[in-house]
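Produce the entire structure from the sequences given, and follow the hints as far as they go.
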Amino acid sequence: MESFRADLHLHTVLSPCAEIEMLPSLIIAEAVERGIRLIAVTDHNATGNVIAVQKAAEGSGLIVIPGMELQTREEVHVLCLFDTLEQAQAFQAMVDPLLPDIANNPDYFGFQLVVDSEGKIEREETRLLLTSADISIEKALEATNRLGGILIPAHVNRKAFGLIEMLGFVPENMHIEALEISHHVTPEQAYQLYPQIEGYPLIQNGDAHQLADILGATTYKIEKPTIAEIRLALNNQDGRTFSIG
Amino acid sequence: MDLQSIIDTLELEVITQPKDFAGMFPTSGYTSDLLSCAMAGARKDGVWITLQSHDNIVAVAALLDLAAIIITEDARPEESTVARANSKNITLLCTSQPTFSIVGKLWEMGLRSE
Chain A
27 MESFRADLHL HTVLSPCAEI EMLPSLIIAE AVERGIRLIA VTDHNATGNV
77 IAVQKAAEGS GLIVIPGMEL QTREEVHVLC LFDTLEQAQA FQAMVDPLLP
127 DIANNPDYFG FQLVVDSEGK IEREETRLLL TSADISIEKA LEATNRLGGI
177 LIPAHVNRKA FGLIEMLGFV PENMHIEALE ISHHVTPEQA YQLYPQIEGY
227 PLIQNGDAHQ LADILGATTY KIEKPTIAEI RLALNNQDGR TFSIG
Chain B
26 MDLQSIIDTL ELEVITQPKD FAGMFPTSGY TSDLLSCAMA GARKDGVWIT
76 LQSHDNIVAV AALLDLAAII ITEDARPEES TVARANSKNI TLLCTSQPTF
126 SIVGKLWEMG LRSE
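As they're listed, the protein sequences go chains A and B.
Using my numbering, the first residue of the first sequence is number 27, and each one after it goes up by one.
Using my numbering, the first residue of the second sequence is number 26, and each one after it goes up by one.
None of these hints come from the bench; they were simulated from the model.
Some clues are possibly wrong.
Taking lysine-lysine pairs in the DSS-like style, the calculated list, with each CA pair at most 27 Å apart, reads [to be verified]: (1) B:K69 to A:K185; (2) B:K69 to B:K113; (3) B:K69 to A:K165; (4) A:K185 to A:K165.
Remember, predicted model here, so these are calculated numbers, not experimental data.
Here it is, written out as structure tokens:
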């Protein structure tokens, strides 16, 4: 079993709210310096910069998981993580027609930039990404699972877009394997504050919008860095485990 | 005022099983689209006005023993949500009108938050 310090929630310059420093090579350098071996790129409703970060990571030893932070119809943010770029792109193709056609206002929200591995701007995403896709959280889970990915509700304790605030509790008909809590609370505090999440494994990520927020707060003991192995770790199965801190 | 006159005046569509709405008397109104707030703020025998149509609204209504949920702006719950509401004896009412209009009309009819 190998130990992977990980941060499975971070934004690039494609997310309008991310700082301009969230460029592929700078993200990789920061993560490597912090001893992180595994990151997931999770822009708001978008996967366009995954490939650039993956390319920038070549030779660094850092593994980059393709992902998206989807905003569902209920205004809940969920991390959708995949093994391959193709799976993430198929997920993107499903999400795209479900996003409203609202133009981004860069002066207000910030620029949404698709870049190459060197950080050169390839194009600007003109459609606002900070919106809800017209898909329920249940359907998002189905679609993620069908493609071989895993869905983890993001920062469930946050007032804005957190599952607990929006939906009160995890819908009982959903098989959710883990929840992400923000790094402002410990798992113990979260269980105490929100008794309705009892029994759910809790992970922490940086939700980095700037380099300094790349934390690597959760470490996975797994055979190899795949969704299947992470899933085992979250469920504490077959000797795979995870820990916070 | 009884729930039937609210349904009639606001032209609400009843999407769950019919009940003796004329014999039900909502005592308060509450509005929020955040379920955690509704859980804390809505009152027993009250009506809750929201555009959230997620399945969890039924659990909130059952927990608080609400008279009805009015779902606004054409947000349609899934069939499974309607079935769950029926099994829990929860009344779901739908409308295309925005929440603001519905709340305003309920206030005019004399309904208050407490």
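Now the hints, each set against the structure:
no.: 1; hint: B:K69 to A:K185; in the structure: holds, 25 Å
no.: 2; hint: B:K69 to B:K113; in the structure: holds, 15 Å
no.: 3; hint: B:K69 to A:K165; in the structure: violated, 32 Å
no.: 4; hint: A:K185 to A:K165; in the structure: holds, 23 Å
In this structure, only the earlier hint numbered 3 is contradicted, and the remaining ones agree with it.
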